[in-house]
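Q: Numbering (our numbering), first residue to last: 94 to 239.
Hints may contain errors.
Using C-beta positions, here's what the derived DEER-type ranges look like [what the hints assert, rightly or not]:
#1 F122 - S152: 17 to 23 Å
#2 P198 - G105: 53 to 59 Å
#3 G118 - A181: 21 to 27 Å
Calculated directly from the structure, the hints in this document are not laboratory data.
Idealized CB from N, CA, C, for every residue including glycine.
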Amino acid sequence: MQLDSNWALLLGGALLVLVEVALGGFAGFDLVLVGSAFMIGGALGLWFQNTNLALIVGSALCLLYLLAGRRWVRRRLNLKPMPSNADAVLGQSAVVTARIAAHEPGRVKVRSEEWLAIPTIGVSGPFEPGTIVTVEAVDGVTLMVR
94 MQLDSNWALL
104 LGGALLVLVE
114 VALGGFAGFD
124 LVLVGSAFMI
134 GGALGLWFQN
144 TNLALIVGSA
154 LCLLYLLAGR
164 RWVRRRLNLK
174 PMPSNADAVL
184 GQSAVVTARI
194 AAHEPGRVKV
204 RSEEWLAIPT
214 IGVSGPFEPG
224 TIVTVEAVDG
234 VTLMVR
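The whole structure should be built from the sequences, with the hints applied where relevant.
A: What follows is the structure, given as structure tokens:
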């Protein structure tokens with residue numbers, strides 16, 4: 094019976110770590126550390142053949158992480174949302190590099206990137222090279238400009 098509980102802690106902890114890794118860190122590293130606490134408790138329980146030790150160590154490490162370590166880990170991970178390239182260009186000014194007309198996609202340069210561009214709905218073109226336009230929307234890999 095003691096060995097079964099120890100193995101359950103060890104395997105349950107490994108499962109938590111695998112879930113976190115497989116899902117790309119969706120829990121912000123919490124499952125890895127809680128799973129590691131379970132694994133350490135289970136391994137110590139197996140080593141000393143003592144289920145009580147396993148449960149005490151696993152619980153103590155989990156509580157220690159949740160009360161003190163979680164805040165420290167979150168600060169160190171520094172999870173800030175990063176806009177994708179498409180989101181980052183919305184509202185930006187762009188320079189037309191190839192003529193843009195209603196039924197003729199052209200090209201614009203936003204910062205250091207070149208994009209395919211068309212006039213946004215309700216805007217008549219054409220926009221000649223050198224014209225400054227504003228990015229109104231993104232449709233796939235095409236910018237809609239005004």
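Q: So which of those numbered hints doesn't the model satisfy?
A: Structure breaks no hint.
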